[in-house]
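Residue numbers (my numbering), protein chains in the order written: chain U, 1 to 366; chain H, 1 to 284.
Honestly, the hints are just simulated from the structure, not real lab data. Any given hint could turn out to be false.
[As the list claims (entries may be wrong)] Now the stretches of chain H that chain U is said to cover, found in silico as 3 or more residues with beta-carbon under 8 Å:
| # | segment |
| --- | --- |
| 1 | 179-185 |
| 2 | 215-223 |
| 3 | 272-284 |
[As the list claims (entries may be wrong)] So these bits of chain U aren't anywhere near chain H, every CB distance computed over 10 Å:
| # | residue |
| --- | --- |
| 4 | Asn-77 |
| 5 | Gly-101 |
| 6 | Ile-108 |
| 7 | Asp-142 |
| 8 | Asp-149 |
| 9 | Arg-201 |
| 10 | Asp-305 |
Every residue gets a Cβ at the ideal spot worked out from N, C-alpha and C, and that includes glycine.
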Amino acid sequence: MTTNAIEVQSNADGETGTAGIICSNLTKVYTGAPPMSVGSRWGGAGAGGGGRPGAPLAGAAQAGNAAGGVRAVDALNLTVQRGEFFGLLGPNGAGKSTTIGMLTTRVIPTDGSAIVAGIDVVAHPALARTRLAAVTQTNTLDRSLSVFDNLYYHGRYFGLGRSESRRRARSLIERFRLEDKAGVLVDTLSGGLAQRVQIARALLHEPAVLFLDEPTAGLDPQTRLQLWGTLRELNRSGQTVLLTTHYMEEADQLCERIAIMDHGHLLALDTPEALKGRVGAERIVTVTLARPDDGTVERAVSALDGVNDVQREDRHLRVFAGVAAGLLPRVVQAVTGAGAELKDLSVMEPTLEAVYLKLTGKEYRE
Amino acid sequence: MMILEQAPLLFHQSTQRLSVRAQIQTASALVQRDLAVLFQGFFGFALRTAMQPALFAFVFAYVFPRIGQGIGGNGRGGGQFASVLMPGLMASTLMFQGITGVALPLVQEFSFSREIEDRVMAPVPVAVVALCKVISGAIQGVFAGLLVIPIVWIATGRAVQIDFGHPFILVSMVVLGALVGAALGLLVGTAVEPRQINLIFAILVLPLTLLGCVYYPWSTLHALRWLQIAVLFNPVVYMSEGLRAALAPQGGYLSLWAVYGLLLGALTLMLTLGIRGFRKRVIS
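Chain U on its own, in the form it takes in the complex:
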């Protein structure tokens, strides 16, 4: 997972390497007032500016306040391959947005290095911006301009000539089926449409890596599905994508590899399938008893063949079990045999959510 940064520098023309993103020992410590809200601001200065004291990031604050600052991202090593659809998961304050902020030149790392498409983002931020694009959950479209002009001027900022920028804007508007919206001002667009325009705009300068920070937050299920289709199609055409999301299903559906992050550290990094396998179970049986268990039922169920782990919580037992013939009847038998009254029994196939919760815990994050 770790990559020697010096080796990367040697093929830094960006076209020969196979890595889309390489983070080595990437660290961000916020000193003074930490940013207000990270979600939509790339971990950058919050809406009210950096100087205003505010609530620290929930998770990050726990991670390292003692050291005299907020250690939002702590010695992160990560490599994303070209063409990969990569997911970054974690609760609020885990350091996801700060990581994206550093990779997209908006947050300056305290330590370590980050290479995006062969460019050192810390040493050459402006050049790095030619190779990357970022889409946030908030609508940051230029409200003084029409949909078409949002795309057109974006191309102009990236050095495209008038006719080339116009041509690409037209082709993206067609590709994203925005033809009938091309002339309208962007503040009349619905959330889903605005998000499509933002992605189209991000693609106009053909970035090597596309960063999506919770792009489907706040969208209705239909729009979200539609956007998934768009993103999948994009990735199929070779686009490297780094996505952060709160929706486990989204990461499971779209990403080839997923990193789960908390308190500024990587907790796990693997394919969705392998991560799900990590729960140590093929399925989870939840047993609900009439009265809280004193440990007798837990012991009886744990002893069953095929049961890997049992978590006890008040009246509930969560049984992590492999495939075993007749498991459910045996569980029922064990429960009644231990003298307890069974209220309910449910079986859940393993989900990414189970992995996520197992790794990051269940405490509430603001």
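Chain U is already provided as a structure; the job is to place chain H on it using the hints.
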């Protein structure tokens, strides 16, 4: 990658650097965007710009002399007062334009709408994005400042005596004044929180205008020596006096050395602080 062939200017880098030409191209696109937005709403812009100087000149330099209200003092006629007033109104317009054309949009773009994001992610150093905001604000200021001349001329019933004998001073003062106004706008726009917007007018625009030698030449303040010295901290004073040197030199004005020197100094200071504030807002 395909883009390498399609956008040679930006991507043909022999080293890991963006060429100066590519950066200038990006910068000019940033300014073009602002000007396109300006011209889309040019009527509103012209109306906003013209109203204040037009009404001011009309009431004080046309109505007052005709209804016997004493303004301008020392028995000066309406025409003479109008000549003192016009450069002052131009100066206050240049400053006001910096606030309305740069500061207010910035406050909005940093907070509610975050529209600035796309421009901040343009492939130039963030300081260039801030500078482009000042340049387009200054271009807007030049339009606004020049618009004041015919407006005041008409509003005063053509009473104003304009002396176009110093074109160099006129042009340089309008441009420098517009830059100072826009740089002030950048500084204010990056320093002010959205909820403080209403305060800008009370604690900044009003004192800068009323104590900016807009309605009276600086020399006439000699009767109030402390005030005459206190107002020297106000950049609008130098804009007013410099424009007076260009358009109505007969009434006397501050030394041009002081005017140019202090305006350039103010510009440098405000740009430095404004760019620093801008960077703080977008990079952490």
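Against the structure, the hints come out as follows:
1. 179-185: violated (count 0)
2. 215-223: violated (count 0)
3. 272-284: Our answer is that it holds, as 5 residues pass the Cβ test (under 8 Å) against chain U, meeting three.
4. Asn-77: holds, 22 Å
5. Gly-101: With a cut-off of 10 Å, U/Gly-101 comes too close to chain H, as the shortest Cβ separation is near 7 Å.
6. Ile-108: Check fails; 6 Å does not lie beyond 10 Å.
7. Asp-142: violated, 5 Å
8. Asp-149: The claim is violated: U/Asp-149 sits with its nearest Cβ about 8 Å from chain H, within 10 Å.
9. Arg-201: With a cut-off of 10 Å, U/Arg-201 comes too close to chain H, as the shortest Cβ separation is near 7 Å.
10. Asp-305: holds, 55 Å
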